[in-house]
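Sequence order for the protein chains is D, S, R and A.
First residue of the first sequence? That's 0 in numbering that gives the first Met the number 0, and the numbers climb one at a time after it.
First residue of the second sequence? That's 0 in numbering that gives the first Met the number 0, and the numbers climb one at a time after it.
First residue of the third sequence? That's 0 in numbering that gives the first Met the number 0, and the numbers climb one at a time after it.
First residue of the fourth sequence? That's 0 in numbering that gives the first Met the number 0, and the numbers climb one at a time after it.
Simulated from the structure, these hints should not be mistaken for lab results.
Do not rely on the hints blindly, as some may be mistaken.
[What the hints assert, rightly or not] Below, a list of computed lysine to aspartate or glutamate pairs in the EDC-like style, where the Cα atoms sit at most 20 Å apart:
| # | chain 1 | residue 1 | chain 2 | residue 2 |
| --- | --- | --- | --- | --- |
| 1 | R | 53 | S | 176 |
| 2 | D | 217 | A | 1 |
| 3 | D | 75 | A | 276 |
| 4 | S | 24 | D | 137 |
As the structure is a prediction and not an experimental result, all values here were calculated from the model.
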Amino acid sequence: MSERYTITEASVGTLLQALTSSGQRVLGPKLVAGRIEIAEIRTLADVLQNGQSVVSAKGVVFPKVERLLKYRFDGKNIALEDVEPQAQPTILLGLRPCEARAFHALDVVFNWDSKDKFFNTRMANTTVVGLTCTQADESCFCTSLGSRPDDTQGSDILLSPLKAGGFVAEVLTDKGKALVALAKGILQPPPIRPDVIPPATVAPAFDAKNLQQKLAAKFDSPLWAEQSLRCLGCGACAFVCPTCVCFDIQDEADTKQGQRLRAWDSCGMRIFTLHASGHNPRDKQSQRWRQRVYHKFAYYPERLGTLGCVGCGKCSRACPVDMNLKQHLAQAASQG
Amino acid sequence: MEALASKAKELLTAGTVKVVIGYGKGTGENRRPIFVRAVERAGDLVVDTACTQNLATYLTKAEVRALGRMAIVAIPSTLRSILQLAAEKQLREENVLALAIVDGGVRELATFDAIEEAVATIPDAIGEADQKMIDKLTAMSVTERRAFWAAELGRCVKCYACRSSCPMCYCERCTMDCNRPQWIPVASHAIGNLEYHMVRAMHLAGRCVECGTCGAACPVGIPVHLLTFFAEQTVRRQFGQKGGASAKLDYAMSTFKPDDKETFIR
Amino acid sequence: MADPFEPKMTAFVCNWCTYAGADLTGTSRIKYQSNVRVIRLPCTGRIDFMLVMKAFSRGSDGVIISGCHPNDCHYTSGNYHARRRWMVFRDLMDFMGIDLRRVTFSWVSAAEGAKWAELVNEATNTVRALGPYTEVQQLAAAGIE
Amino acid sequence: MEANIYKPYLMRIATITDEAPGVRTFRLEFADAKEGEAFTFTTGQFGLYSAFGEGESTFCIASSPTRKGYIECTFRETGRVTSSLADKDVGDIIGFRGPYGNVFPLEKWKGKNLVFVAGGIALPPLRSVIWNCLDLRDWFKDITVVYGARGVNDLVYKHELEDWGKRSDMKLVVTVDPGGEKPGWTGKVGFVPHIVEQIAPPATNSVAIVCGPPIMIKLTLPVLAKLGFGKNEIYTTLENRMKCGLGKCGRCNTGNSYVCKDGPVYTLAELETLPAEY
Numbered sequence: 000m001s002e003r004y005t006i007t008e009a010s011v012g013t014l015l016q017a018l019t020s021s022g023q024r025v026l027g028p029k030l031v032a033g034r035i036e037i038a039e040i041r042t043l044a045d046v047l048q049n050g051q052s053v054v055s056a057k058g059v060v061f062p063k064v065e066r067l068l069k070y071r072f073d074g075k076n077i078a079l080e081d082v083e084p085q086a087q088p089t090i091l092l093g094l095r096p097c098e099a100r101a102f103h104a105l106d107v108v109f110n111w112d113s114k115d116k117f118f119n120t121r122m123a124n125t126t127v128v129g130l131t132c133t134q135a136d137e138s139c140f141c142t143s144l145g146s147r148p149d150d151t152q153g154s155d156i157l158l159s160p161l162k163a164g165g166f167v168a169e170v171l172t173d174k175g176k177a178l179v180a181l182a183k184g185i186l187q188p189p190p191i192r193p194d195v196i197p198p199a200t201v202a203p204a205f206d207a208k209n210l211q212q213k214l215a216a217k218f219d220s221p222l223w224a225e226q227s228l229r230c231l232g233c234g235a236c237a238f239v240c241p242t243c244v245c246f247d248i249q250d251e252a253d254t255k256q257g258q259r260l261r262a263w264d265s266c267g268m269r270i271f272t273l274h275a276s277g278h279n280p281r282d283k284q285s286q287r288w289r290q291r292v293y294h295k296f297a298y299y300p301e302r303l304g305t306l307g308c309v310g311c312g313k314c315s316r317a318c319p320v321d322m323n324l325k326q327h328l329a330q331a332a333s334q335g
Numbered sequence: 000m001e002a003l004a005s006k007a008k009e010l011l012t013a014g015t016v017k018v019v020i021g022y023g024k025g026t027g028e029n030r031r032p033i034f035v036r037a038v039e040r041a042g043d044l045v046v047d048t049a050c051t052q053n054l055a056t057y058l059t060k061a062e063v064r065a066l067g068r069m070a071i072v073a074i075p076s077t078l079r080s081i082l083q084l085a086a087e088k089q090l091r092e093e094n095v096l097a098l099a100i101v102d103g104g105v106r107e108l109a110t111f112d113a114i115e116e117a118v119a120t121i122p123d124a125i126g127e128a129d130q131k132m133i134d135k136l137t138a139m140s141v142t143e144r145r146a147f148w149a150a151e152l153g154r155c156v157k158c159y160a161c162r163s164s165c166p167m168c169y170c171e172r173c174t175m176d177c178n179r180p181q182w183i184p185v186a187s188h189a190i191g192n193l194e195y196h197m198v199r200a201m202h203l204a205g206r207c208v209e210c211g212t213c214g215a216a217c218p219v220g221i222p223v224h225l226l227t228f229f230a231e232q233t234v235r236r237q238f239g240q241k242g243g244a245s246a247k248l249d250y251a252m253s254t255f256k257p258d259d260k261e262t263f264i265r
Numbered sequence: 000m001a002d003p004f005e006p007k008m009t010a011f012v013c014n015w016c017t018y019a020g021a022d023l024t025g026t027s028r029i030k031y032q033s034n035v036r037v038i039r040l041p042c043t044g045r046i047d048f049m050l051v052m053k054a055f056s057r058g059s060d061g062v063i064i065s066g067c068h069p070n071d072c073h074y075t076s077g078n079y080h081a082r083r084r085w086m087v088f089r090d091l092m093d094f095m096g097i098d099l100r101r102v103t104f105s106w107v108s109a110a111e112g113a114k115w116a117e118l119v120n121e122a123t124n125t126v127r128a129l130g131p132y133t134e135v136q137q138l139a140a141a142g143i144e
Numbered sequence: 000m001e002a003n004i005y006k007p008y009l010m011r012i013a014t015i016t017d018e019a020p021g022v023r024t025f026r027l028e029f030a031d032a033k034e035g036e037a038f039t040f041t042t043g044q045f046g047l048y049s050a051f052g053e054g055e056s057t058f059c060i061a062s063s064p065t066r067k068g069y070i071e072c073t074f075r076e077t078g079r080v081t082s083s084l085a086d087k088d089v090g091d092i093i094g095f096r097g098p099y100g101n102v103f104p105l106e107k108w109k110g111k112n113l114v115f116v117a118g119g120i121a122l123p124p125l126r127s128v129i130w131n132c133l134d135l136r137d138w139f140k141d142i143t144v145v146y147g148a149r150g151v152n153d154l155v156y157k158h159e160l161e162d163w164g165k166r167s168d169m170k171l172v173v174t175v176d177p178g179g180e181k182p183g184w185t186g187k188v189g190f191v192p193h194i195v196e197q198i199a200p201p202a203t204n205s206v207a208i209v210c211g212p213p214i215m216i217k218l219t220l221p222v223l224a225k226l227g228f229g230k231n232e233i234y235t236t237l238e239n240r241m242k243c244g245l246g247k248c249g250r251c252n253t254g255n256s257y258v259c260k261d262g263p264v265y266t267l268a269e270l271e272t273l274p275a276e277y
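Build the full structure now, drawing on both the sequences and the hints.
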């Protein structure tokens, strides 16, 4: 049974101070110049109760550009230098429950076979304090994937806002407990009947299991070409996505030294699968769009036992041509 | 809106075009590109002030062109794009027909000359806010400008939405995707982003139709369109030529005049 | 005491005029500052702003770009094309925050050995007074975790 | 401290052989002999070879695991990494990560006839397994190799082809496309699928291993089917683009399969369960 506490509005500031002075970085969804970004949280006012950040928080554990290796050229020889990820202890405060669940989808890829120390080191240094969603929009579809706006999965602590201000904190993991230990004296026992703001209502648009079954017979359907006719083939959807994990590895060097970098990549881009010979296994945008859908909703569950999507809807909001994933999936699930 | 629907119906019924590229209802209040191929879907076409994306991007897409002759719902910048694409030999008159949205009505423009005439009557000033921002930036010190762009481009994730949404970025193989040598770094670190956006702006100087679709496409809200606007204005100021004015103009950056006047070469 | 700052200058010059001009400077035994590294290209028409960016990000403090005078291009019009391109990319670089005081443009013919010496000296003095150009170099290391 | 799975071995180029225009073979020895002693691989596997400063590129290990102390790779100069590799000299250091991927099931093939069919630059992956089988010759019954290239100049491993041609314990058929022959050419002229049909290797108690350009594979498979090879008796090896080789970067993903983990070796039966995205 998880522990529960109450945290008042006034004590959030004290808590933030305690965390910062313990050397931890506190990040979370925050309004910056009219956009919601994952940015440093300094005061209670920074904690944004509703709305989704444009880009997900995955960069904390899987940065958009990260160094994997360094080397020096020394005549004919090469001196390799291993790289240790510099992972600052980080609290993700007020993360939406959908995003909190997304770390699992990253974890299964980075660790299903060999272990990726870069991801693992950063993940080990990250504590997730989720915040129940009390508002959703037309791009949200967590409930279609078997989750809900107050899902505890993936959070070390889940906060639920109280009508009277402040939060109920549900401590879910050891990392959560460690965090609570830092906040001794700040937390109070939970109210007997916590009067929380009700979680957002997100009407399910389809059923993920049913979708997966439908996909099995739909690979050659004209649906994918139809849906993707307006797709521009950019990577906006993949780069804002909290679960998209595909990456590129690039060398950058001068005559003396070099480094091997990992950078986000997207299966929606033409050159993703393009061979040097000119052959491209997924030459058409419709094939690439289909890959994106199948990878997340068919291949992930078949292979890794989890969905490659959390229903946060960031891709739909970021798409320059309004490719709404929820609608497209509902369409795929409802047909034949 | 009804005028547009009936025009689309007429064109599709007569077989004049096979597809009408236009705007339809999207998520919430959004408008999204739609491709009307059946007469009974003509009613899906929407025209209102939310229709701001330049749809000319689709005119060079193989999947769309494969549908057959195209009609395109055109806002002023779309008309300019058509002319610029024509000038760059990317579009033939017989491939496209513009349905220009002017004064709340629809005007069918079937020839490049007709489009050119129409474009000449449309004021081509960029938005007031954008001009103000460019002026503000030009008034800054170079150090301030550097700091401004470092902060803005710091958010860039190199999703290439700006490139993909641009009607003039039709190259089959973009220089960003060429790696022998890897001239511009692939990764979206600071220098990779700066060089990418500099190259993009430079490649659009003299070709940009100032639609601002790239800036609108940016998921993280970087005003990348200011870069191409500025480059375009630089060309206009110095060479008196602007992108998207005519289907017959040479690209300003691939030509020269012996008496081009500069002030900085010693 | 630290050594006084000596700028690294990179010069992109065309093969036919400025490179020959610089050669003449040497054979005429005209002394000029040794800070400059000369990179010879077939024609100024080849000189892209990315060369300038690469020079800065790899440690140059200043850049000199020079070729044939108008009407003297070995390839008839390479320098005219180059001039047009410079007229645009110079403004764009400035707009994006690159310090133009560190980029010197010039026409130096094969006969202008003295002008080359003068040009290098002046550009080098200007950049020496400005100090090291670290801004682009810093960018080259930023944004990697 | 966890190991860095992206850290390559350093390999010294021991020899360079020019095989065909733009095609080279490197023999690579471990710069650190201790690493070399601990290193093992099985035929069919591949690796990521790096030209430092340019990046990594994926090729099979073209040598046989029965030959110890080195590995070989054969590549065509095509992209950024391979052009840089082509500029290397003997003694230069390159990187190698691997071995990755699945293997040819030699144990399963014991007591059977083997038919290898290769086209062009696709002989290298089969060369590893061919040598491996020749080195374990008594495991198998008849061994037939059909190899074709566009022209005589494009044939790789010319010296080995000569040796194989002289061997009495295997049958080698080399062919070039019509128009690719040269005066004095004693091999066959014709496309690989036709030649396979012509020589009609027996399908009973046999396996076929096919590797080549997509068009060759596409046209050879029906021929083998006609000859009576079952879908579980036909093997091929895929070459999707890869970045990590570890089942993470997503590039080689085809259907629910990662070519880098579940492949590169597939039977035709397995291949038919995947979308044709390779």
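Structure-based check of each hint:
1. R:53 with S:176: holds, 18 Å
2. D:217 with A:1: Between residue 217 of chain D and residue 1 of chain A the Cα gap is close to 42 Å, so the pair fails against 20 Å, i.e. violated.
3. D:75 with A:276: Violated, at roughly 40 Å.
4. S:24 with D:137: holds, 13 Å
Violated hints, in rising order: 2, 3; the structure is consistent with all others.
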